[in-house]
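**Q** Same order as they appear, the protein sequences are chains A and B.
Per the working numbering, the first sequence starts with residue 686, numbered consecutively.
Per the working numbering, the second sequence starts with residue 19, numbered consecutively.
Read the hints as simulated data drawn from the structure, not as lab findings.
Nothing here was measured: the structure is a model prediction, and the numbers come from that model.
Treat the hints with caution; some may be incorrect.
[Said to hold, decoys possible] To spell it out: a stretch of chain B is covered by chain A in this simulated footprint if at least three of its residues, at any positions, have a beta carbon under 8 Å from a beta carbon of chain A; those stretches are:
| no. | segment |
| --- | --- |
| 1 | 113-124 |
| 2 | 139-145 |
| 3 | 203-210 |
| 4 | 229-242 |
| 5 | 279-289 |
C-beta atoms are modelled at their ideal positions from N, C-alpha and C, and glycine is treated no differently.
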Amino acid sequence: MSDALLELQGLTVKYDVGREGFWGQHRTQLTAVDDVSFTIDRGETFGLVGESGSGKTTTGRAILGKVPIASGRVKFAGRDITEVEGRERRAIRRNMQLIPQNPYGSLNPRMKVREIISEPLVVHRRFKSAKGATERVVELLELTGMNPDDMYKYPHAFSGGQRQRIVIARALALNPDLIIADEPVSALDVSIQAQVVNLLQDLQKRLRLTYIFIAHDLAVIRHISHRIGIMYAGKLVEVAKGDCVYRFPIHPYTEALLSSVPIPDPRIERGRAVKVIAGEPPDPIHPPMGCRFHTRCPLAEPRCREAAPPLEARKPEHEAACWVR
Amino acid sequence: MIRSDHLLEIRNLEVVFPTREGTVQAVRGVSFTVDAGESLGVVGESGSGKSTLARAALGLIELPGRIAGGEILWRGRSLLDKRVAGRIRGREISMVSQDPMASMSPILTIGTQMTEVMTRHLDIGRREAFTRAGDLLEKVGIPDPGRRLGQYPFEFSGGMQQRVVIATALSCDPMMLIADEPTTALDVTTQAQILELVSSLQRDLGLALLLITHDLGVVAGACDLLKVLYAGEIIESGTADQLFHRPHHPYTAALLGSTPRLDVKADRLMAIEGHPPDLRHIGSGCSFTPRCPHATTRCASEAPVLQLSEAGRAYACWNPLSGREVQNPPTARGQA
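Put together the whole structure using the sequences plus the hints.
**A** Next comes the structure, spelled out in structure tokens:
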């Protein structure tokens, strides 16, 4: 595929979480992301979904270079970002920006909106000062549906939805190609969430942005994503087009996850057979051998306990990691 | 005693929180009833007053907040009387809240905490209460209850903690359970487990359930009757089927349209422009006017009252939607 913007090959991220052994000679490591590979095309929205601790946020952070990569490759527009340094590294980093979850924690309360939005422009030396960047700030505020006069205010003057628009404006300041949105609407009420989701979709069309949309809410993910990757305990277990994942899930975990989501319609919800899966995700420091899901899987067979199934193409553009299905 | 045929009856409740920048009117003239065995869902966004309502029903409004008007009756007795509320809370009415860690003491074992509730409210000794606690843990699906009783809350996962809170809430055989966002902090597969547990317990024990949530999916499965709260007022009420399929109030319809669905792919979500009003400065008209696509001049000046439309359902709107069957979201219909 020639139009691939981002390519992950066997990405693995480990965190040191303590020491073991009598002398503390062994490092205890938690494998947050384990051998994850996927490709994202330009202009596409890739939804990354999973429960707490599945590694979806760490995957995003590793792409941004915010956590050290234990092994694997991250290729952005053909360049391996784990190899480049200095000027070239900064140029790549300019092209990928983060929209974090909490719009209350991600804006400095002591900076005015103009300083906040122009900060990346000043840091990357596009402008000398916030004042010099005023014109660009106005443009960005208008792009995200805010009022130009808002740039003279402090973040506390805004509601959660408005703050998230400011965060989006800041992320767009350097004209990035890739936006990594980590739970960008989870902290918002549903009516405001819809505003921000619509805004992100409009911006994508206008600016030809590529999104990695990380969320735990499967309904939001389905709505916004072209393709979806499902993570469980650090592993990518299934990747496919949105509709394929929802209509024809292959991995038993995907199936259980989808079945757990309540449908906001009493006629459907009452008659629906929910496949409740018992138990909880495994301990990330001592994950089970073989397939990570075998401890909860209704279809588990002996071989599932022995070796981890690889993520393989099952149908055109539909990959899954399961021995049984 | 005031005459009331209902288990819980709330009449014209007003709750206010004075602040330096003015008084927040958190709950404004809310009335409703809950009968034995009924499951009522209260749906609203942040700041709609839904949690304040739950706390008021348990006599838990703390200073500087206060109940400025109205009445809360539990089987005819006023819960505004702190002593009455103290006897009933935890015994006849129990509560499950969003954060299970906040409902438990981190320094006492689960067994100690559960027996404390029972020895306080019921006429039983510690030994008997401890045995009962073990039975309750088993009932809510916690394996190996004997060992678990000796453990501390931090040794349980979020879903298991919430099960312990539910077991504790059931320990004195209450008649009603108030659940305030009981699954919001949980992952979706755990949420499914807890919702199934709550529904089956409600059925088996004949409990009345007051479920407070922002999640339309959660109430769709768990509740027969619904109230929609906006800016401290009930703006529409009825059966779940009526509200989901034939909403009268534009806010109810907009809420449904802005909720993405797993089973239907909509081209675009129906966002509600603007944001909820400042509860310190409530105007004279309908509080949804600035965001309402159907608003007229009358809406801005005169507040509509909640009026009955047909049996069991009511709405507060001057220009209600026809109540024709709608498919949500209106753009597309996929398969379930």
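**Q** Taking the hints in turn, state whether each one holds.
**A** Right, here's what the structure says about each hint:
no. : hint    : in the structure
1   : 113-124 : violated (count 0)
2   : 139-145 : violated (count 0)
3   : 203-210 : holds (count 6)
4   : 229-242 : holds (count 7)
5   : 279-289 : holds (count 9)
Of the hints listed earlier, those the structure fails to meet are numbers 1, 2, in rising order.
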